[in-house]
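Colleague: The hints should help you fit chains C, A, E, Y and B onto chain Z, whose structure is shown.
Protein chains in written order, with my numbering: chain Z, 2 to 340; chain C, 2 to 340; chain A, 2 to 340; chain E, 2 to 340; chain Y, 2 to 340; chain B, 2 to 340.
It should be emphasised that the hints constitute simulated quantities derived from the structure, not laboratory data. Predicted model only: the values in this text are computed from it and were never measured. Any given hint could be a false lead.
The list makes no distinction among identical chains, and a pair is therefore deemed to hold if it is satisfied within one copy or across any two copies.
[As the list claims (entries may be wrong)] Straight-line Cα separation of at most 27 angstroms, DSS-like style, residue types lysine-lysine; simulated pairs:
(1) 224 / 171
(2) 59 / 3
(3) 124 / 50
(4) 244 / 154
(5) 157 / 178
(6) 59 / 171
(7) 172 / 157
(8) 224 / 59
(9) 3 / 244
(10) 172 / 114
(11) 114 / 124
There are 6 protein chains.
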Amino acid sequence: MKRVVTLGEIMLRLSPPDYKRIIQATSLDVVYGGGEANVAIGLSNLGLKSSFVTKLPKHSIGTSAVGHLNAYGVETSHIIRNGERMGIYFLEKGYSMRSSEVIYDRANSAFAKSDPDEYDFAKIFEDADWFHFSGITPALSSSCYDITIKALKEAKRKGITVSCDLNYRKKLWEFEKARKVMTSLMEYVDVCIGVEPLSLLDQFGNDEKDAILKKHTPLEYEKVFALLKQRFGFKYMAANLRKSLSANRDILQGVVSDGTNTFSSGAYEVEIVDRVGGGDAFSAGLIYGLIQNFDLQDVAEFANASFLLKHTIYGDANIVSASEVERFISNNGNTLINR
Amino acid sequence: MKRVVTLGEIMLRLSPPDYKRIIQATSLDVVYGGGEANVAIGLSNLGLKSSFVTKLPKHSIGTSAVGHLNAYGVETSHIIRNGERMGIYFLEKGYSMRSSEVIYDRANSAFAKSDPDEYDFAKIFEDADWFHFSGITPALSSSCYDITIKALKEAKRKGITVSCDLNYRKKLWEFEKARKVMTSLMEYVDVCIGVEPLSLLDQFGNDEKDAILKKHTPLEYEKVFALLKQRFGFKYMAANLRKSLSANRDILQGVVSDGTNTFSSGAYEVEIVDRVGGGDAFSAGLIYGLIQNFDLQDVAEFANASFLLKHTIYGDANIVSASEVERFISNNGNTLINR
Amino acid sequence: MKRVVTLGEIMLRLSPPDYKRIIQATSLDVVYGGGEANVAIGLSNLGLKSSFVTKLPKHSIGTSAVGHLNAYGVETSHIIRNGERMGIYFLEKGYSMRSSEVIYDRANSAFAKSDPDEYDFAKIFEDADWFHFSGITPALSSSCYDITIKALKEAKRKGITVSCDLNYRKKLWEFEKARKVMTSLMEYVDVCIGVEPLSLLDQFGNDEKDAILKKHTPLEYEKVFALLKQRFGFKYMAANLRKSLSANRDILQGVVSDGTNTFSSGAYEVEIVDRVGGGDAFSAGLIYGLIQNFDLQDVAEFANASFLLKHTIYGDANIVSASEVERFISNNGNTLINR
Amino acid sequence: MKRVVTLGEIMLRLSPPDYKRIIQATSLDVVYGGGEANVAIGLSNLGLKSSFVTKLPKHSIGTSAVGHLNAYGVETSHIIRNGERMGIYFLEKGYSMRSSEVIYDRANSAFAKSDPDEYDFAKIFEDADWFHFSGITPALSSSCYDITIKALKEAKRKGITVSCDLNYRKKLWEFEKARKVMTSLMEYVDVCIGVEPLSLLDQFGNDEKDAILKKHTPLEYEKVFALLKQRFGFKYMAANLRKSLSANRDILQGVVSDGTNTFSSGAYEVEIVDRVGGGDAFSAGLIYGLIQNFDLQDVAEFANASFLLKHTIYGDANIVSASEVERFISNNGNTLINR
Amino acid sequence: MKRVVTLGEIMLRLSPPDYKRIIQATSLDVVYGGGEANVAIGLSNLGLKSSFVTKLPKHSIGTSAVGHLNAYGVETSHIIRNGERMGIYFLEKGYSMRSSEVIYDRANSAFAKSDPDEYDFAKIFEDADWFHFSGITPALSSSCYDITIKALKEAKRKGITVSCDLNYRKKLWEFEKARKVMTSLMEYVDVCIGVEPLSLLDQFGNDEKDAILKKHTPLEYEKVFALLKQRFGFKYMAANLRKSLSANRDILQGVVSDGTNTFSSGAYEVEIVDRVGGGDAFSAGLIYGLIQNFDLQDVAEFANASFLLKHTIYGDANIVSASEVERFISNNGNTLINR
Amino acid sequence: MKRVVTLGEIMLRLSPPDYKRIIQATSLDVVYGGGEANVAIGLSNLGLKSSFVTKLPKHSIGTSAVGHLNAYGVETSHIIRNGERMGIYFLEKGYSMRSSEVIYDRANSAFAKSDPDEYDFAKIFEDADWFHFSGITPALSSSCYDITIKALKEAKRKGITVSCDLNYRKKLWEFEKARKVMTSLMEYVDVCIGVEPLSLLDQFGNDEKDAILKKHTPLEYEKVFALLKQRFGFKYMAANLRKSLSANRDILQGVVSDGTNTFSSGAYEVEIVDRVGGGDAFSAGLIYGLIQNFDLQDVAEFANASFLLKHTIYGDANIVSASEVERFISNNGNTLINR
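Here chain Z stands alone, though its shape is the one from the complex (with noise of 0.2 angstroms):
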């Protein structure tokens, strides 16, 4: 089985329940989540093998979030533990048209502190087939920016695949800053993730790739992905598109490219239960798909698949086998009860 590796911040998501306002709460749930450990759940979910790196606090609230990954199976013996707070955001859930809002109380976590000498990436990527990182990592602090270097370089090294989702966050970082420094990553990357982030990279100015990138259609997405294999000379290149309704209404669509020819899924209108994890889901589809050959078309529907049913699932995580999200591609949504 292959084995992927996933680096990044694992926080406490702390939420209202019942879409109750974060004043009108008097309890708040808990799930244990961050984009990178997304995908290493999603991914073990789907029947890979993964594991997830990260810096963690002795006390019993990192290992909290250890044994929330241990349920599904995600290796964990490479995080270290150790530092003194793990990062924590706060998730008020929208609903119809009031939208949901983050809190983010991440800074000056054991992760964003954490040092590159503290990860041995040699022993990490033993067996390793696969690295994913993604955007959010680097804009932590300097030091994060460092440790993804040092994994990059290592992978690179060990010839193992690289796959990134430039998941670009305006509350960790300023945009000019992100563009300058995700651009100069994507030489290491092999598969390129992401949506509106694709202007981030410095092919063109802002405005000509926002123009082509607004039109949202898989269409335009052909032209960008053209010019960014150019560019980095990406092996493959997706993005998941949303058009939302309201905070519990999206259209999703996915498109996969290896640069030349593109090909997207089918649009499906989800109602959603948990819209967080979405994008993290459909890398984890995605990285499946390209594991296990499939067809770049195939590669599409299932990423996109995993994508959608992702947002009928509680918590950031996605929680569903590969013969689940085919089940779903066979039956066109199909969703009488099975008894």
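Modeller: This is chains C, A, E, Y and B only, laid out in the frame that chain Z set:
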């Protein structure tokens, strides 16, 4: 007041709250349900006298199931209390494009292992006007088949009207066996209820009838009903049509026929709180309408309104009064707060 | 900062969780609400100073209601604490085609039985800029009618702007009595808010005005507003139009007029978390917009956005800030997660 | 099987979860209870036939109370369904040194306002062997007093055994009025149950009887019982003694007498889940023991075990079977897990 | 009415329900608390006017903390709203032999990073009669120390009574640093409250005072109080003695002294709902008793009853009225249901 | 790190919240547990490597049980995934004088029906240092007996230490059969753990050994241990003594012996959160202590502390680290909040 007897299995239903998957659940919500028990509760809530016949262990879970029936006024004095276990089913409620999943753990239940000799139908049917069963009961075990036959013979002997919801469950038995058994039981049946399972009945080969049924329109059903009337001499036939838009959105329509004329209700889209027991609510509404001697058009509307309102109610059973059904029909979906 | 006083009853609201029917509930969710209290909380959340005047028993349920108001910053120093009981209402939330049901148990509340002599409006209105009441208060009891009159006279004496939400409740009084009483109170009113209840006011026979109102379009309201202006001399009139698609889906639109020109907001479809208090949120938004001297078109948009966002919030009261309302207006329903 | 009828009010009980104070509660737990309803449920759980007589509104809260009684097998066919409201009480459960608080909101209930003419006791007492009431019912209203008298006269006419739990509630009436009324009712009573309220009965001045009762030992009760026997000719008298150590810890002991010999159970310390309804469980155990013709010593043990086990059960009613009570008696508090 | 100002940090407290360990929790219960905020809420519930001063971010969690204070009537108009994060602490409640665990995540809070210049104590102390702080505030950061000094100087200037709860927290600072700092602050303090931390104050070497304190009896405290009076000239000194029997059972006793005479309350065993904030409830009771000019013996009883009742109340803050405290004192632990 | 393998059944445990009876429950709390699984989780939490061997269905409930084990770091790679159902048990937690009740529904589980051929113990025991089983496994079915024998033979072949918790369950088999079977297995056992079940072993007639055991003191156990050593040659024997005061209060003491010298821990009273799995926590503590080569006196203290702390933890499994056990031992029950 008319008295309806139903016979079948009632199970402990366990389902995760808040659309969680089973693997995420740290508690499971509890209701008690089963096709024929749901019909009995539905009828009692509509205002008729109903009695449910089954066998349940003496332990406190069995007692809870009895209490659940009692709470809605269903007669439970004919329930046999003995045996080892009661059936359980786990329901993972789907949402949007994620289907609901049912895990049955009903083998070897007290009812499935009960013996015809335990049931004194002469006494059970004293003062009864109607007997309802479904295709689930004969599927449970050979002794359950024997119990069904014994009940049907006694019902016929007493001149009681008999209704049957064909209710094919592929996890319980093979289609061909079901077809053979169910066809053989039709001689006792006055009112035949069902949808796709109508193809169970042996008038046609699968292909022809399936072809008709697949169109899923009242018009097509008219043809099937005429053929069924001819073959089995049913007094009434009915079907509850469902077009599933997603796991939480369906379009529903009821069709009722005397073999000569077929009447269909309006078709309504419903957003779903709990889909389980919808068909049972249709049966309860149908039986109620027929017992009250409504015009067949009104029977179709009443049965469909009962079917539809069930989808908005938590649990397996339809907790609506006849006046609520009638208010729905006369309001055509006016849902302003009544204050 | 402007200070708004509202007068009325606040009740203990009890509702089953998870869209259960009352008969299924083993616990009831608790909020405290009432038309005028909701307006006071809404205004405080929008950023104005508001004060709620009522009478509540000294027991801990009364204290809880006061604490609920305090939590949102509403002034409660003018609440009289005495008497036997507070009003209660049970809300069974509907879903889809199942309507919400309200059971009132509000007779003989401390407020309904309170005496005009207990209220020192000269003191209550010190520093007040606006007084808001609704048609519910005079309907509660004859002493509540007397209290209302006393408040209105003092408000007029002090030159305070007075707004009235006509709010007809058929469970509280007969239409003809309501029409007579409410019409007599209009001489004190500067800003008149309402929908169908506009037919309460005696300018026309029911038939003519009803005919106009039934069309339920801003255009028709324009005609009514002109007539009301002529008859009562209102400074402003407003209506919150609701087209109910189901118990959890409405289309909402706000209309505001000075009698000469009528302005209507966009019409938006909203999926509903809690519909109660929507009209009160509209009133709060309207008062806010008028106090801030917005253009009437902007008042209409602001009041409607407040109206609409309330439907996405649990409880009776609108917990949104002015900046959230404004963000909604400028985003036109962009509901991406803000992170 | 013997059939016991009880008459009284059943209320909606609302209490904060997790030992919260009312002001902290965002939900309230729901049970339905009242002295005589609790006795009826207790008896049904012990295995006798019991019937509860009251009046309840037709709304869904009234229906829920009926369903609650039905769930435990209590006959509810004699409950009158009409009127405006049902009684409510709020229970803030104490803990340790913090006392429980009850807020009654029971005035003007359907039962309190019901009329003797509504009750057909000739029919209600058909096949009845025993009638039980308490001092709460005549305290509710003068018509409730009339209903009580009417029931007592019919019970006497039919030769049915009558038991009364004196149950003095100082929030309902003045002691001197209670003493006069209750004393006048004793001529109908065969079995008199009570503790301090025994001083209600007018044989002595308060001082003398209070002095005796204050010692609170079975020995002292023996003297009181002898005097009561002499004065009222009771067949049996009983008292449930409670020494409160804290809000969650009591020592309990039962005393039963025929006026000649007095028998007392063992005294046990119990940790408390829910203290409400303890006295009613004692009455149910006593009635059960007397109906089963136990020796008076065994009656005392059985009634006290029922009393005690109730304290370990959530809600107002005693959900224990006769065999569980007997196991407790024979085990002397062996509480190993039974597996 | 007297007005008391308290200054400090209020945190978001998160604790697993039902005595679960953190690793088992899928939700965390929410309250807001902190030593000086707890005193302010306690005083407001007792019936005094209290004002809490701190700094909190503008986000909805900060607003929730303000709402929590408002709900109990605490003045929040002097709370500064700005900064990045608020302090969090996780409380895993112990049971029996398993200790409670606290995980602090309070570093870099808005309050800890706030500047003395942000606080206008001249305005804050307008109309104030009393200022209370604790040893936690100067431990948080050097700027918090500066804020404390600034407040103390202004309080002295205005002649306001100052009380200090020494409250040593070993997770916040070293003992020797704490001793030095706290000793230096005593010149501003009129009323000194504390237990073991009394050894903080530098009159003795640790050994001698510790030896006295270890005996933990009122008698020993008398000696310490005399020495403290001599050294610091305190007007009053008080200690809340706790003998821990288990994580849910303590024996509590209060001691109050003017340096000449020492008065101790009764010692009571209490079963615990929530132990956090017990000492703060003692301080609130003490301040209340002194402000009301109770005899010192009565002050000791009142402060200890407040201390004790807090242990029976969920959350950090003491939600008891003065009359409840007094009823406890006069009842000596009579905990019968009040109905 | 040492690696311990345990073999047995893990069940879905369902229990009503809040000390409700099953008939009152509208939801059931979920944990997964079973004697040998509990030992594996306990050991993993203490810090050893543990592996649990069983068979579970592929459905999501089986997956949840695996996830539960994974969350605590137990190796699950040797769990066979197949078969129809998993065992269930319902636990109604007792309180005070009301005993806990267990309803087993474990017949025909995947494990009970599994075949020895499915288990490759040569591979399972690779790198293993210790094998633990209990008397429950051979009681489940004859194939489970065969699996046990197969495991024991392989363990002996590999020279792995074997421990057995005799764990007699009267609901699973007859005492005489149990005695015969368990005695026959003792030849493979190095460490024998048990209490009353020691009378299972055939050295004595029941009467004599029972008489010794009934005294339930360490002293008496010393005699029994000496005789067992003589008969079976055990290396170590241990017993966890329990004196039950009520359903939520026990006195616990551990005894360990090498047949020559017997060591007993202190006896502690514990208030109980969850009693299930106490014995398993004792076994885990014992195995840990022996593997760490503690003195036998320290083994007794460690095993008893583990036993005792389990009673304060929700669920079947002991979630305590070795350092928490050691802190408990060194603190002698100091339960102040650690902050």
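Colleague: Does each hint fit the structure? Answer for all of them.
Modeller: Okay, the hints, checked on the actual structure:
1. Taking the closest pair of Cα atoms, residue 224 and residue 171 come within 27 angstroms of each other only inside a single copy of the chain (26 angstroms); across copies the shortest separation is 49 angstroms, beyond that limit.
2. Proximity of residue 59 to residue 3 under the C-alpha cut-off of 27 angstroms is restricted to the inter-copy arrangement: shortest distance 22 angstroms between copies versus 30 angstroms within a copy.
3. In this assembly of identical chains, the alpha carbons of residue 124 and residue 50 lie at most 27 angstroms apart whether taken from the same copy (16 angstroms) or from different copies (21 angstroms).
4. For a Cα distance limit of 27 angstroms, the shortest separation of residue 244 from residue 154 qualifies neither inside one copy, at 36 angstroms, nor across copies, at 54 angstroms.
5. For the homomeric pair residue 157 and residue 178, the shortest alpha-carbon distance inside one copy (24 angstroms) is at most 27 angstroms, but the shortest distance between copies (51 angstroms) is not.
6. Proximity of residue 59 to residue 171 under the C-alpha cut-off of 27 angstroms is restricted to the inter-copy arrangement: shortest distance 19 angstroms between copies versus 30 angstroms within a copy.
7. Neither within a single protomer nor between protomers do residue 172 and residue 157 lie at most 27 angstroms apart by alpha-carbon distance, with minima of 30 angstroms and 44 angstroms respectively.
8. Taking the shortest alpha-carbon separations for residue 224 and residue 59, neither the intra-copy value of 48 angstroms nor the inter-copy value of 44 angstroms comes in at or below 27 angstroms.
9. Taking the shortest alpha-carbon separations for residue 3 and residue 244, neither the intra-copy value of 33 angstroms nor the inter-copy value of 41 angstroms comes in at or below 27 angstroms.
10. For the identical chains of this complex, residue 172 and residue 114 are neighbours both inside a copy (18 angstroms) and across copies (21 angstroms), given an alpha-carbon limit of 27 angstroms.
11. In the homo-oligomer, the alpha carbons of residue 114 and residue 124 lie at most 27 angstroms apart inside one protomer (21 angstroms), although the nearest pairing across protomers, at 41 angstroms, exceeds that limit.
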